Structure formats: structure tokens, C-alpha cells
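Peer 1: Now for the letters of each chain:
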Amino acid sequence: MKHVIELNAVDLTYRVLVNRSGSLKELIRDTIKGRVRIRDFAALQKVSFSVAPGEVLAVLGKNGAGKSTLLKVLARVLPPTAGTVSISGNIAPMIELGAGFHPEMTGAENVRFYSALLGRDLKVVDTRVSAIGEWAGVSDHMDLPLRTFSSGMVARLAFAVATDQSADVLLIDEVLSVGDVEFQVKSAERMRQLISGGAAVVLVSHDLGAVRRLATKAIWIEAGKVMEYGEVEKVTDSYEKSFLN
Amino acid sequence: MKYIPLIRLLVGRELTLRYKRSIIGIGWTLLNPMLTSFVLWIVFSYIFGSKLPGDQQYAPYLFAGILLNNFFSQGMLASAESIASNGAIFTKIYIPPQVFAISSAFASFINFLIGLIPLTLVVYISGTNLSWTFPLTLLIAFLMILLVSGLGLILSITFIRFDDTRNVVNVSLLMLLYLTPVFYPLSALSPRLQQLIGLNPMTSFLDCFRWAFSTNETATWGDWFYISIVSAAVFYLGVYIFKKYWARTVTML
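So the protein sequences, as listed, match chains A and B. Read in order, the letters of the first sequence correspond to residues 1 to 245 in the working numbering. Read in order, the letters of the second sequence correspond to residues 1001 to 1253 in the working numbering.
For the record, the hints were derived by calculation from the structure and aren't laboratory data. Where hints are given, some of them may not hold.
List of simulated lysine to any residue pairs, SDA-like, C-alpha gap at most 20 Å [said to hold, decoys possible]:
{"#": "1", "chain 1": "B", "residue 1": "K1002", "chain 2": "A", "residue 2": "K46"}
{"#": "2", "chain 1": "B", "residue 1": "K1020", "chain 2": "A", "residue 2": "F149"}
{"#": "3", "chain 1": "A", "residue 1": "K123", "chain 2": "B", "residue 2": "K1020"}
{"#": "4", "chain 1": "B", "residue 1": "K1051", "chain 2": "B", "residue 2": "T1215"}
{"#": "5", "chain 1": "A", "residue 1": "K25", "chain 2": "B", "residue 2": "V1168"}
{"#": "6", "chain 1": "B", "residue 1": "K1020", "chain 2": "A", "residue 2": "K25"}
{"#": "7", "chain 1": "B", "residue 1": "K1020", "chain 2": "A", "residue 2": "D143"}
{"#": "8", "chain 1": "A", "residue 1": "K46", "chain 2": "A", "residue 2": "P79"}
{"#": "9", "chain 1": "B", "residue 1": "K1243", "chain 2": "A", "residue 2": "P80"}
{"#": "10", "chain 1": "B", "residue 1": "K1020", "chain 2": "A", "residue 2": "M142"}
{"#": "11", "chain 1": "A", "residue 1": "K25", "chain 2": "B", "residue 2": "F1162"}
{"#": "12", "chain 1": "A", "residue 1": "K2", "chain 2": "A", "residue 2": "S68"}
{"#": "13", "chain 1": "B", "residue 1": "K1243", "chain 2": "A", "residue 2": "R15"}
{"#": "14", "chain 1": "A", "residue 1": "K217", "chain 2": "A", "residue 2": "F183"}
Quantities reported herein were computed from a predicted structural model and do not represent experimental measurements.
Okay, chain A solo, but in the shape it has when bound (with noise of 0.2 Å):
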């Protein structure tokens, strides 16, 4: 089978300034005196996959073990230190929804401006505009200013946008369901049917049922470093097991 996503040997060093000047004249001042040193700090090292079409990636880690970092490189907003990255096809990221929101644009406004964002094609978007916001439950907001919105509104229509179009490689960071509870059925719902679509899907998630019943395989990391990389059932075992010792 054709493989979408590949990496093979991806490093990722972020370059960290010990005592981190945010101003020039700290840095200026720390330079004069002879205190700035550049730490390397290792968010991946030596990190190795593929995912078909059809297959779901479940990313395990604990919080800070690189996931996040992993999400971006796929997205190609962080180039990778080292090593290799090949994506073909469009990227959907589904990370944090609602990039590029703005309080004064209108909903509608916002959905033109999100979706143009995310590559889509603004022909298609208008025509989906209204039901967007149906689906979303904010049809009689869409051409009121987004301050005027809840928070609970505003990730609803966030969700209602990135879920509207699928693609060849879906990202998905801890949004598997928003909002109160009748709409995280519904938004679990057509997540679900997003993932199960043939696309191939990275999926970052601390619930291992939701990981479990989704992902048809899966990579632990720890430390930006790769502790196992297999089928599904076989990893979250051996993950949930680290918790126990």
C-alpha cells in the first residue's frame, strides 16, 4: 500500500537561549558580559513512520513528551532538524480550531476567512456558509461580529468549519468532541465518520478507549524519543502498563 505520511529519522531541536533574552538590549547586555549559551533542546529525535490511507496513527505520550511538536512537523509549520517528512496530499490540521478567528468579522466573515486559511475553495465555502452555521447552532449569529458569540459558540463554529471538508491527511490534537453535551455527541459522531473515511489520520489523544475504539495503530513517545511503535492494542497495553510500575 501507498504510504500518504513518512518519516524516517525526523529530529526536531528547538534552540534554546539559557536566561532567554526577549529584548535586544538583555541580549546586547548578556552578550557584553559574555552569560548567553545556547542549549539544544531535543523535542524529537530520531522519530520513524508511515501511515497508509485508511489507517489511524494514535499518538501516546504524556504531557511535554513531544506529541504536540510531532502534530506541527506533520502540519509543516516546524521544518524537522533533521531527517525526512513526506506528506502527500492536502493536510487538514485540527489542531487547537479557530486559527485566525477575529472578535470584529462576522461569523460568516470567519468562516470565508478559516476556510481560506485552511486551503479551501472559497466557491465551495460559500455555498456551505449557511450550513455550517445550522450544523454549528449559530445561524442567527452568522452575521453578527464574533465578540457577540459565547465561547462555547465560537468553538462550535471553529469545530463546524474544519470538519466540513475532509482531506488525505487529517491532524487531529485532543478534538474529538466540543461543546455541552448534546453537541459532543454530535461532533464525536462526525469525527468518527471523518476518521473512518479513507483518510490517513494522525490522532493525539489522552483517552485510550476513544484511541482503542478509533486508531488501527499507534506510537508511544516519551521525551521526544519513540518507546514503541506498533498495533494499537499491543502499544496502549504496554502504555498503560508504565503507569502501573
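Once you've looked at the hints, dock chain B against the given chain A.
Peer 2: Just chain B now, kept in the frame of chain A:
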């Protein structure tokens, strides 16, 4: 090319958002340079008005200066901020940030075009005429877009890395305003100062613009050559520096 719809949305957003909560909305784009010019006109027309050579008029001279200088300074800052303040987007969705910088520069260009309307009025009210060379203004504006987006790209990197470069830039812009013949005629200065100020590319920009729009100044081939070279070089440098440092910078967002 695939980013053209996004560029259109970004330009529209830039033009409307700033005045979204004001009553006359985008009308401020017209009023802002007019009011600034009016204040400066009251202050300086007595001092410099009589110092302009020949039949040049002070009011269009000043207004043209303010308009192009605003295009430069506001365009450059907006272009840099469009990247520096949208980190939330660039760390989640892959979009070349250059698209944002160029959109901001383009929005400033449209503001400039709108400003040409009152400038035309001022030209006629002061008893002069538009020059037949006025379409050359578009060439000047194109070069200015290159200059502004090139500088914006460089500044965006420094804005993200060092917060305080914003202050440095603001002070530098104020200094540059005094080193540019925006509200004074070059001929009012001593020959030595004239030489120094002549090195400033903005001086050539203003000369070309005032000459092309209403023959309210003289511009030489040297001026045209100078602004073309400087704009192209700065744009190229901006693209190069941005490409080189963005990968490291994006991790700081």
C-alpha cells in the same frame, strides 16, 4: 497563485478592520492624512511656503510628502506586524507568512490610492494642474510595495525575536521623517545637508512622486534609477533573510 483568494481576504480585512468600530469607517483613510497635512500646513506654511523654488505650491508639496511617507512607514509596520502578531495561525496551519506581509503592503497601497483623490483636489485648489506623467505614480507605488514588504519581512523576524525592536523602529522612523524632505523643501537646507539628505532613498521617492504627479518638484534619471535599485535590492534581501531565519523564528512564536 493558489493564495490569491487569501490575499484578497487579507487585504479587505486590513482595510476594514482598523476602523470597524468607528462611525465613518473607511472614511478615516481619507481623513487621516488630510488632517495631519492640515495641521502641518498651518504650522509650516509660513516658514517654508515661500522657500519653494519657482511656481511650486506648498500645500500639494506637503500633502504628497505625507501621503507617500505614510505609505512607507505604515506599510512597513503593518507588514511586519501581520507576521509577528499572527503567530497563532503560523504555528498551526501551513501558510507562507510572506503572503501576509505582501497583503499588508498591498493594503497600504490601496490606502495610498484612496489618498490620491484628496491630493488631486489640493493640487487644483492651490491653482496647479495634474501632470500628464501622473500614471507613473503607479510605478512609484509598485517600487514602494517592494520596499515596504522587503523591510516588513526583515522586521517581522526581529519583532518576534526581540520585543524592544519595535521601540527602536519607531524612533528611527521619527528620525527618518526629519531626514526626509516631507514638510521642508530641500533648497531650504545648507549645501552640505542637502547632500546628506539626498542620499536618503525616500528623498528620491518623494522627488519622483511630486514630479510625476503634478510637476511640483524636479526628479532626475538618477532618482528613478536609485529608487528602482534600492527597492529591488531591499525586497530581495528581505525575502532572503526571511527564508534563512524563519525556521528558527517560528519556534519562538
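Peer 1: Against the 20 Å threshold, does the CA-CA distance of K1002 (chain B) and K46 (chain A) hold or violate the hint?
Peer 2: violated, 34 Å
Peer 1: Would you check the hint for K1243 (chain B) and P80 (chain A), treating anything up to 20 Å between C-alpha atoms as holding?
Peer 2: It holds: about 15 Å lies between the C-alpha atoms, which stays within 20 Å.
Peer 1: Does the structure keep K1020 (chain B) and K25 (chain A) at a Cα separation of 20 Å or less?
Peer 2: The given pair, whose Cα atoms are some 36 Å apart, is violated under the 20 Å limit.
Peer 1: For a C-alpha distance cap of 20 Å, please report whether K25 (chain A) and F1162 (chain B) respect it.
Peer 2: This hinted pair holds, its Cα atoms lying about 9 Å apart.
Peer 1: Starting from K217 (chain A), check that the Cα of F183 (chain A) is at most 20 Å away, please.
Peer 2: Violated, at about 28 Å.
Peer 1: Is it true that the CA of K123 (chain A) sits at most 20 Å from the CA of K1020 (chain B)?
Peer 2: violated, 26 Å
Peer 1: Is it true that the CA of K1243 (chain B) sits at most 20 Å from the CA of R15 (chain A)?
Peer 2: holds, 18 Å
Peer 1: Are the Cα positions of K25 (chain A) and V1168 (chain B) separated by 20 Å at most?
Peer 2: OK: K25 (chain A) and V1168 (chain B) at ~11 Å, within 20 Å.
Peer 1: Between the alpha carbons of K1020 (chain B) and M142 (chain A), is the straight-line distance 20 Å or under?
Peer 2: holds, 17 Å
Peer 1: Between K1051 (chain B) and T1215 (chain B), is the straight-line Cα distance small enough, at 20 Å or below?
Peer 2: With a Cα-Cα distance of about 17 Å, the restraint between K1051 (chain B) and T1215 (chain B) holds, given a limit of 20 Å.
Peer 1: What's the verdict on K1020 (chain B) and D143 (chain A), does the C-alpha distance respect the 20 Å limit or exceed it?
Peer 2: Holds, at roughly 14 Å.
Peer 1: Under the criterion that the straight-line Cα-Cα distance not exceed 20 Å, is the pair K1020 (chain B), F149 (chain A) satisfied?
Peer 2: holds, 17 Å
Checked against the numbered hints given earlier, the structure breaks hints 1, 3, 6, 12, 14 and satisfies all the rest.
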